[in-house]
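Protein chains: 2
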Amino acid sequence: MKLCMIGIRGHNGYILDDLEELRHVKVVGLSTGTEEDDIGKLENWCNEHGHTPELFADYQQMLDKIKPDIVSVCGPLELHAEMCIEAFGRGINVFCEKPVAITLEDFERLKVAYDEAKVHFAAMMGLRYHPAFYTAWRTVRDGAVGVVRLINTRKSYKLGQRQPYYLCRETYGGTIPWVGSHAIDWIHWFSGESFCAVYATHTVMHNRDHEELEMSALCHFTLTNDVFASSSIDYLRPTNAPTHSDDRIRVAGTDGVIEVRKGEVYLINGETDGEEQLPAECDRQIFRDFVGHVEGKTTSLIGPKETLAVTEACLLARKSADEGRVVSF
Amino acid sequence: MKLCMIGIRGHNGYILDDLEELRHVKVVGLSTGTEEDDIGKLENWCNEHGHTPELFADYQQMLDKIKPDIVSVCGPLELHAEMCIEAFGRGINVFCEKPVAITLEDFERLKVAYDEAKVHFAAMMGLRYHPAFYTAWRTVRDGAVGVVRLINTRKSYKLGQRQPYYLCRETYGGTIPWVGSHAIDWIHWFSGESFCAVYATHTVMHNRDHEELEMSALCHFTLTNDVFASSSIDYLRPTNAPTHSDDRIRVAGTDGVIEVRKGEVYLINGETDGEEQLPAECDRQIFRDFVGHVEGKTTSLIGPKETLAVTEACLLARKSADEGRVVSF
Numbered sequence: 115m116k117l118c119m120i121g122i123r124g125h126n127g128y129i130l131d132d133l134e135e136l137r138h139v140k141v142v143g144l145s146t147g148t149e150e151d152d153i154g155k156l157e158n159w160c161n162e163h164g165h166t167p168e169l170f171a172d173y174q175q176m177l178d179k180i181k182p183d184i185v186s187v188c189g190p191l192e193l194h195a196e197m198c199i200e201a202f203g204r205g206i207n208v209f210c211e212k213p214v215a216i217t218l219e220d221f222e223r224l225k226v227a228y229d230e231a232k233v234h235f236a237a238m239m240g241l242r243y244h245p246a247f248y249t250a251w252r253t254v255r256d257g258a259v260g261v262v263r264l265i266n267t268r269k270s271y272k273l274g275q276r277q278p279y280y281l282c283r284e285t286y287g288g289t290i291p292w293v294g295s296h297a298i299d300w301i302h303w304f305s306g307e308s309f310c311a312v313y314a315t316h317t318v319m320h321n322r323d324h325e326e327l328e329m330s331a332l333c334h335f336t337l338t339n340d341v342f343a344s345s346s347i348d349y350l351r352p353t354n355a356p357t358h359s360d361d362r363i364r365v366a367g368t369d370g371v372i373e374v375r376k377g378e379v380y381l382i383n384g385e386t387d388g389e390e391q392l393p394a395e396c397d398r399q400i401f402r403d404f405v406g407h408v409e410g411k412t413t414s415l416i417g418p419k420e421t422l423a424v425t426e427a428c429l430l431a432r433k434s435a436d437e438g439r440v441v442s443f
Numbered sequence: 115m116k117l118c119m120i121g122i123r124g125h126n127g128y129i130l131d132d133l134e135e136l137r138h139v140k141v142v143g144l145s146t147g148t149e150e151d152d153i154g155k156l157e158n159w160c161n162e163h164g165h166t167p168e169l170f171a172d173y174q175q176m177l178d179k180i181k182p183d184i185v186s187v188c189g190p191l192e193l194h195a196e197m198c199i200e201a202f203g204r205g206i207n208v209f210c211e212k213p214v215a216i217t218l219e220d221f222e223r224l225k226v227a228y229d230e231a232k233v234h235f236a237a238m239m240g241l242r243y244h245p246a247f248y249t250a251w252r253t254v255r256d257g258a259v260g261v262v263r264l265i266n267t268r269k270s271y272k273l274g275q276r277q278p279y280y281l282c283r284e285t286y287g288g289t290i291p292w293v294g295s296h297a298i299d300w301i302h303w304f305s306g307e308s309f310c311a312v313y314a315t316h317t318v319m320h321n322r323d324h325e326e327l328e329m330s331a332l333c334h335f336t337l338t339n340d341v342f343a344s345s346s347i348d349y350l351r352p353t354n355a356p357t358h359s360d361d362r363i364r365v366a367g368t369d370g371v372i373e374v375r376k377g378e379v380y381l382i383n384g385e386t387d388g389e390e391q392l393p394a395e396c397d398r399q400i401f402r403d404f405v406g407h408v409e410g411k412t413t414s415l416i417g418p419k420e421t422l423a424v425t426e427a428c429l430l431a432r433k434s435a436d437e438g439r440v441v442s443f
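Those protein sequence lines, which keep their order, are chains A and B.
Residues 115 to 443 (my numbering) are what the first sequence spells out, left to right.
Residues 115 to 443 (my numbering) are what the second sequence spells out, left to right.
Source of the hints: derived by calculation from the structure; they are not laboratory data.
Any given hint could turn out to be false.
When the alpha-carbon atoms are kept at most 27 Å apart in a straight line, the in silico BS3-like pairs for lysine-lysine are as follows [as the list claims (entries may be wrong)]:
{"hint": "1", "chain 1": "A", "residue 1": "K433", "chain 2": "B", "residue 2": "K411"}
{"hint": "2", "chain 1": "A", "residue 1": "K272", "chain 2": "A", "residue 2": "K433"}
{"hint": "3", "chain 1": "B", "residue 1": "K225", "chain 2": "B", "residue 2": "K376"}
{"hint": "4", "chain 1": "B", "residue 1": "K376", "chain 2": "A", "residue 2": "K376"}
{"hint": "5", "chain 1": "B", "residue 1": "K140", "chain 2": "B", "residue 2": "K411"}
{"hint": "6", "chain 1": "A", "residue 1": "K225", "chain 2": "A", "residue 2": "K181"}
{"hint": "7", "chain 1": "B", "residue 1": "K376", "chain 2": "A", "residue 2": "K272"}
{"hint": "8", "chain 1": "B", "residue 1": "K225", "chain 2": "A", "residue 2": "K376"}
{"hint": "9", "chain 1": "B", "residue 1": "K181", "chain 2": "B", "residue 2": "K232"}
{"hint": "10", "chain 1": "B", "residue 1": "K155", "chain 2": "B", "residue 2": "K140"}
{"hint": "11", "chain 1": "A", "residue 1": "K116", "chain 2": "A", "residue 2": "K419"}
{"hint": "12", "chain 1": "A", "residue 1": "K411", "chain 2": "A", "residue 2": "K140"}
Distance windows between CB atoms, simulated [to be verified]:
{"hint": "13", "chain 1": "A", "residue 1": "S308", "chain 2": "B", "residue 2": "E325", "range": "42 to 50 Å"}
{"hint": "14", "chain 1": "B", "residue 1": "T166", "chain 2": "A", "residue 2": "D387", "range": "41 to 49 Å"}
{"hint": "15", "chain 1": "A", "residue 1": "D256", "chain 2": "B", "residue 2": "M319", "range": "37 to 45 Å"}
Quick caveat: nothing in here was measured; it's all calculated off a predicted structure.
Every residue gets a Cβ at the ideal spot worked out from N, C-alpha and C, and that includes glycine.
For reference, chain A alone in the conformation it holds in the complex (with noise of 0.2 Å):
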């Protein structure tokens, strides 16, 4: 199989593991897709586990002379969407970053584009690979806390000193949709309902000058069935903090409440002693399932139509801190 990667803002990190198993899949073709970023590292690495990736300036001129079975799109956040649209235009599937949008006129592109291409499409929600937050979806999805009725989710980030693209939301799309999307993802993924409404809020106080970047962010979301779910996203994280991020997930339901923490998987129902902890294990890689998914081996636990959802419900929350009000999808 042919792949070819587009840019090294994001989780090329996903493929390259994974490409040591995959050992039919060749990276045949590489482009940063903008100017500013050097494609040097990745070349490096490609050369010394023995694929001979060409290299492109143009990223179209790339798709057009390889025609690949597979594209990865990790350039420019605000080239996203135009990236897979080119792809999908192709008839090539494509494992974008997320957010696979930046903007609510992109995102309609994208989707019409979507519908009329015939290809995998999924974002690179790396989480729902964790063995933590991977155990605890199956465990929901086996009934162990009966009905979901309440979701609270947290992604707590470092700040540290950020590169100039995030500090403009034209480059960066908003901290809702850049660290929230996980989260987001997770109210989706675990509770299987459909997002209703969201009201959100988020501000740039305190964000040590670090220009439109909001620091701290809260979402709430209606889901159908009344479901509700909290998403809490800010980098106030704490520099001597023992990792870079803090995800954590409670999900309570009608027979139980399981919840995610530090990376530990914690449930209670009818027949837990009290709480109790469940070993976190997750076998699946997340592109490994890409490509199984494209060859009609597996089912990729992230395809198009919870890419597209979940993108879309990042954009509304964004739209409604924007504005100040609750936002209907």
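Use these hints to put chain B onto chain A, whose structure you have.
Just chain B, lined up with the frame of chain A:
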């Protein structure tokens, strides 16, 4: 000091626990405030502990005849405001079970009546005196997390089988004011900010035949200085959970993050080694503090201003949930 006690629906335990030390405070009058309840147990406790209260069918007659220094109010929830107003009119200090009003109309009347009285008034927000919450609050007040930016709170109760007055909005007031008031109080107390707007949702779905009782709710508050806060509120805690209630708060600030979970306090800031547990301690008691405040010896952790602000926040959150829109303060 003369203390009259009205009603048995609430935390009279806060008072009885502290009376052991407050030898100069005597229970001199008791009234249920409703024909539905039985004062027997409370009367027995008094007699066994050196108090010889007079019993009254009519609490107003009790206030007129005894003219107590303090009255505690644990009558039917829908009568709290009226009972407080009657006491205010007689210049009596009031220690009232929360919520102190369950309709906005009663709240407005209560506020006017309070403004004309020169008494001490506090809701029974006993969790302010919980060792973990008190320690966390002091730590925040001492600057350990810098400027407060984002607060997430949780109140999760076991449902059990509730008494009939919980089943009806008119006598219960709703889950946001009743269960949620503690969480909403923490938001006000920890942030030191004023409420600006609230968006909330609640639902009676899956309430196990508890008629109008809302089983789950979610509130999203915006406070001054763009501080955001969530309250997740539910009766979904499984029967075999180790405690009746799961009470949590996370306060993220510009310099650190503090959390209370399972009665323990955890802090991360520039001076901790990753996340550190703090010893949870509180040397104050709620009713002792109330009495000390009345005597001019101390400033109680909760007074009239906070009681009224939090009650209004609870009732406006419920209004938001009832009407499906953002409500401004």
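task = Determine which of the earlier numbered hints do not hold for this structure and return their numbers in increasing order.
result = 1, 3, 8, 13, 15
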